[in-house]
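Residues per chain are reported as follows:
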Amino acid sequence: MNGTIPAPTIEYGMLAPLLVVFGAAIVGVLVEAFAPRYLRSAIHLPITLLSLLISFGLIVWQWIEGVPTKAAAMGAIAVDGPAMFIWGTILVLAFVSVLLINDEGHFVGSAAAVPGSAEEEQALYEGAAHTEVYPLVLFAVGGMMLFPAANDLLIAFVALEVMSLPLYLLCGLARRRRLLSQEAAMKYFLLGAFSSAFFLYGTAMIYGYANSLDLAKIGATLGTVGGQDMLLYLGGAMISVGLLFKIGGAPFQAWKPDVYQGAPTPITALMASGTLIAAFGALVRVFWVALGGLDWDWRPVFYGVAVLTMLVGAILAITQTDIKRMLAYSSIAHGGFLLIGVIATGSAQAQNTSALSGILFYLVAYGFTTVGAFAVVTMVRDAGGEAWHLSRWAGLGKRSPLLAGVFAFFLLAFAGIPLTSGFFGKYAIFQAAVTGGALSLVIVGVVASAVAAFFYVRVIVLMFFSDPAADGPSVVLPSRGTAAVVGLAALATVVLGVFPQPVLDLAHSAAQSLFVR
Amino acid sequence: MEPAEIASIAQHSGGAIGVAWLMIALPLVGAAVLLLGGRRTDKFGHLLGVLMAVASFVVGALVFVQLLGFAPGERRRGVTLFEFIPGLVDNVGLLVDPLSISFCLLITGVGSLIHIYSIGYMAHDPARRRFFAYLNLFVAAMLLLVLADNYLILFVGWEGVGLASYLLIGFWQHKPSAATAAKKAFIVNRVGDVGLLIAMFTIFATFHSLTFSGVLDRTGDASQGTLTAIGLLLLVGACGKSAQLPLQAWLLDAMEGPTPVSALIHAATMVTAGVYLIVRSGPIFEGTGTAQLVVTIVGVATLLAGAIIGTAKDDIKKALAGSTMSQIGYMVLAAGVGPAGYAFAIAHLITHGFFKANLFLGAGSVMHAMNDEVDMRKYGGLRTVMPITFATFLIGYLAIIGFPLLSGYFTKDGIIETAMEHSAVLGWLAVLGAGITGFYMSRLVFMTFFGKKRWDAKAHPHESPAVMTWPLILLSIGSIGLGAFLILGNRFMIFLSPAVGAPAHSPAFNPFSVPGLATLALVAVGAVFAWMRYGAAEVPATAPRGSFLTTFARRDLYGDALNEALFMRPGQWLTRLAVFFDNRGVDGLVNGLAAFIGGTSGRVRRIQTGFVRSYALSIFVGAAVLVGAWFVVGNL
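Protein chains in written order, with the working numbering: chain P, 1 to 517; chain H, 518 to 1153.
You may find that some hints are simply not true.
As the list claims (entries may be wrong) - According to the in silico footprint, chain H covers these stretches of chain P (three or more CB under 8 Å from chain H):
(1) 194-200
(2) 270-282
(3) 297-306
Said to hold, decoys possible - Label pairs and their computed distance ranges (CB to CB):
(4) Lys692/H <-> Ser466/P: 36 to 42 Å
(5) Phe601/H <-> Val447/P: 54 to 60 Å
(6) Arg735/H <-> Leu53/P: 56 to 62 Å
(7) Leu553/H <-> Leu19/P: 36 to 42 Å
(8) Ser117/P <-> Gly1105/H: 53 to 59 Å
Bear in mind the hints are in silico, worked out from the structure with no lab data behind them.
Computed from a prediction, not measured in an experiment: that's the story for all the values here.
Using N, Cα and C, we set each Cβ at its ideal position, and we do this for glycine too.
Produce the complete structure using the sequences and hints provided.
Rendered as structure tokens:
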């Protein structure tokens, strides 16, 4: 104690999946610094994919060895069933998204050049490319993995920023419609920073209440401190603002359509799947481990948020004319459905594990379907790039029946039609909520699903029962990567819809091991 | 009445019984290969179809032999295939017992012969492969129906044969009449199917199971009223499939299908599924005298109606269809009597399968020779040009009218005796039906094979090829000897008793009883009358107007008119009413709601201004509301 700082113990083996991803990201930065320009892309792709694979392999290996339940790194990072399940899901979806990102034509050659300027022409002419995309994606993925595993509010904040900062940059790198893309990046950054500030302020409040940032310790303090409830309520509310912003819960959803629309579509796919999953992982952990004992207070508040989110997502999507904005609103609505699950986890201290496993399954199912849907969006193009306006999709089913069929299938999965993964996702969550006593929420959820089904089916009708426009968009022949993404997503959507039991079992055993305390 | 004792089911896995599912799988694979293989299988399609049917018969025969090796009390063997819907049926399983194996042998045996016959009959049809695919599909579905060990899988087979029947009646879709007939059969069968479905719902609600063992062993637990309801609903299902009154109208139209189809599906096998259902569900009916009474009344009414329709038809296939209705009426009558009648019902079903297939294939052979002419007024004198067809047809004819010592004599007499013991009224009506049978079948034979030639100028009748005559010969052997084999010494009743229960006292076969002799006398009168009208006298080439009775019979006893007035017209009105209500009420509500949501969406959308400052404001306000709400809730 003589002024020496004790060296922290760090379980490198347990944290290896995280370390591999971050390590590969740093290697990517070095490649950017030292490798010749023409080689970078060729070096980046294998490094990125390989690191994701190795990380995934490590998780599988640990899972087989026996799911650990431990707060590693001096209690800062939780390595437990839910965290590892989410890691695995994020890694697979990130792998898939990287295949999309690798496709040519999504990213601007020189982001610093003013849109429409001579420099931009020059960069295009020289074939410049931002290969930094790969390390940025890896950093974001690392942050996504760290966020739901953070067992400490400060680590959670750091993870939030590690995840978000690369995404802010990536959003602004679209090759076409650059102004829209840059605007999206700017908005995302400003609003993200704003909401992060709420999160940080809430963290400070909670520290003031519990004298600790450790989630488990916060949970243990609840009810033992007298007269400080104001700090607790303020802190809890502000933390939830930060978290709800990331999942796009109403009224913090406004950024989502703008950003999803402006960002390069592969990045949208990564955000719509990975960020959502990570944020829900973190949300459930905080409200289970730290504030679980307070569920009588936060559940009614979340009731309102969930209802509003579902309704805003479903109703606003109806009048959208842009496919990416429509998918963004759909994502908001799905966030609302997932919030029902979050509310069900806190039911009467029973700590409903079936709600937790339902959320985990839903995240897997939705993640795959949404990546597949955005992958399809990248393929429907006309002279100005991707054809986003819905009117351009009219009659697609007549020209490209296979692609339109797959997209229709994804839409049906979003709507939760049986024999698709979406059905079992919704079923798992709604059932858990009913047993958890949140029947009224489930009714709103079902109504919102019915409203949402309208705009999904409308696109299907448009694709198959309208005549194609004469100068309609053409479907580009997909690269091998994109084709693989669409195929894999469709396969996952079918398999999870017809034969969900193995993944349900996996999610269940992950949920059974519970969060570490 | 207390249900008769049924042997319990022993689980079984070895030998031929263990692979009894092959019986179903083989023709199913055949159908799949032929349908999916497309034109590539045109060359050998018919041979594959025949091979699968025969292979299925061989498996069935092996199963039968193995079954005979067990003691009578152990001849009910269950074969579990895989787990399915726990709580409802638990497992998909087959039940191999004397009842189901009797059906299997009939279906695959007669089915194989008809497959072989079809090679010749459909030789010139461009879609012959598709025809064999459907036939195989039918055989598989029918076997599933009779082998299922629960009502749910039975229903799958039930719908499967309905589908095959639909496809085959409408096989020549280019003919509007065939397409209409197929649709009619399908729709009328829906009515029956709804009955069967509701019966299944009621069964499940009552017994919490749909397996035969879980239901039929526990009928004592249910109240009389419930059993009656279930029994009547099952009867509705049986009436649809077996063309019993009042759901008989589709069978006559079903003759639009190719003749082998009429022989296999609409005479020998599928239409007997209703009889199977009643006999299989015996304990339910035995627990409720009311349902049994209704069953017997339906049976008698149909046997008379079918016979009367048969007297007036000039279309050879429709006359035979009327006769099919009538004969199934006999079976239903016997099945309604209870355990004493089951053996005769099934025995008559089997012999009928042979002689009716024999007659239909014979009719097909005649049509084949006469350029597909079906009007008997344009036949006449065919016995000399088609000797084999004539001889085999004659045997079938003698069998169906109950000529002494041929198949029908034994089985039909058994039914009449049993009915007579049950109720004299029913018995004498059945005797009357037999007399009418004697008339219309004789009329048919005389018009076709005797008398003067009334052929069209273009007709050049000839004997059919061997591939068609051999099945006829084999079937006619069954028409001769099968009845005696089954009935003499109560052989079939004893064989069947483990599955359906032994009757309290078994009525022995007695050829010299009053009803037996009366039947023979009436049949003879009918035949002689027919000879005077259609054998000795000239048959006019166009049908005479006839009395109102003739018109009554010709118009199928106004069955179609009745259906139209009772169901079609009200149905149409109901549809119109529903459409009206849908347009004004439901659509108004739905459209209004949709417009409301759409309008909300349009209005709320304006909040999404695209300005970061307003988004940030909404976050700020949202955070304030959240904090406020938390405080309010926390301090409650």
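Okay, the hints, checked on the actual structure:
1. 194-200: Holds: 3 residues of the stretch 194-200 of chain P have a Cβ under 8 Å from chain H.
2. 270-282: Since 0 is below three, the answer is violated.
3. 297-306: holds (count 6)
4. Lys692/H <-> Ser466/P: 36 to 42 Å: 37 Å, holds
5. Phe601/H <-> Val447/P: 54 to 60 Å: Taking Cβ atoms as reference, Phe601/H and Val447/P lie about 34 Å apart, which means the hint is violated.
6. Arg735/H <-> Leu53/P: 56 to 62 Å: 59 Å, holds
7. Leu553/H <-> Leu19/P: 36 to 42 Å: 53 Å, violated
8. Ser117/P <-> Gly1105/H: 53 to 59 Å: The hint (53 to 59 Å, Cβ to Cβ) holds, given that Ser117/P and Gly1105/H are roughly 57 Å apart.
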